[in-house]
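Asker: Model the full assembly from the supplied sequences, consistent with the hints where possible.
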Amino acid sequence: MTEHFASVDDYIASFPEDVRGVLEEVRRTIHDAAPDGVGEKISYGIPAVTHGRRSLVYFAGWQKHVSVYPVPEGDDAFQRDIEPYRSGKGTLKFPLSAPVPYDLIARVVGHLLAERP
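Numbering (the UniProt record's numbering), first residue to last: 1 to 117.
Incorrect hints may appear among the rest.
Derived pair list, reagent style BS3-like, types lysine-lysine, alpha-carbon separation capped at 25 Å [claimed, not checked]: (1) Lys64 / Lys89; (2) Lys41 / Lys93; (3) Lys64 / Lys93; (4) Lys64 / Lys41; (5) Lys89 / Lys41.
If you're looking for bench data, these hints aren't it; they were derived computationally from the structure.
Answerer: Below, the structure is given as structure tokens:
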């Protein structure tokens, strides 16, 4: 059964301390890379950062990784940089056993913003 969360804070608080720290840093990275006026909500059971009335980017914690969705097109260099983390067409998985490339997550947000209609 899927757990339902009232807020992004509640979602993050449901994880062990080490994962909470990573999720908080992913959250902070997304907010720092996005323009003023972004919001947050729980959508599809995971945190979503919104821009305007639409979800811009989602992130989620798992037992062995954190994920960021969706994956923007970007340029060839960006595609090469995200390739080690790609899991399917629309997901990036960052293993908790290695340093999380927060700078790359910031670039994901930048590309998502640039690709919005």
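Asker: I'd like to know which numbered hints this structure contradicts. Please list them from smallest to largest.
Answerer: none
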